[in-house]
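**Student:** Start from the sequences, fold in the hints, and give me the full structure.
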Amino acid sequence: MTGCVFCAIVAGDTPAFQVAGTDSAVAFLDARPVFKGHVLVVPREHAVTLADVPASALGGYFGFVQRLSVAVERGLGAGGSFVAINNKVSQSVPHLHTHVVPRTKGDGLRGFFWPRTRYASDSEASEYAARIAAAL
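For the sequence shown, counting from 1, position 105 maps to 105 in the UniProt record's numbering; every step adds exactly one.
These are calculated hints, taken from the structure and not from any lab test.
A quick note: this is a predicted structure, and the numbers were derived from the prediction, not measured.
The beta-carbon is built from N, C-alpha and C at its ideal position, and this holds for glycine as well.
You can trust all of the hints, since none of them are fake.
If you anchor each label on the Cβ, the simulated ranges turn out as follows:
1) 117 to 45: 32 to 42 Å
2) 12 to 63: 22 to 32 Å
3) 74 to 50: 21 to 31 Å
**Tutor:** So this is what it looks like as structure tokens:
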């Protein structure tokens, strides 16, 4: 896709610190990491959001994300990882990308993306669950 920085990285036209790649995805270090070792995983084929990825490609893509989350922990001695995708809102580059961020206990990352809230009642929670289920 012309003008997409992630497509340019995938094509090798824009430099990045590549970590690994498969036939369908590429992983590289985030240029502005939350913590050192923060990896972005992108599909080779341009897709703006998760909904744009063909269902047949999801297994391979998320299998690679899973392998990267394990590799980040093992390779960096991290206690865990934070794996996240933004769809549209807060998506700084309009090309699907999954963040794999190394975590350690006490690393100071709290309330990273959003404030937490509670449902007013079990009835309200049930209503939200039903609305989402109905949309499936």
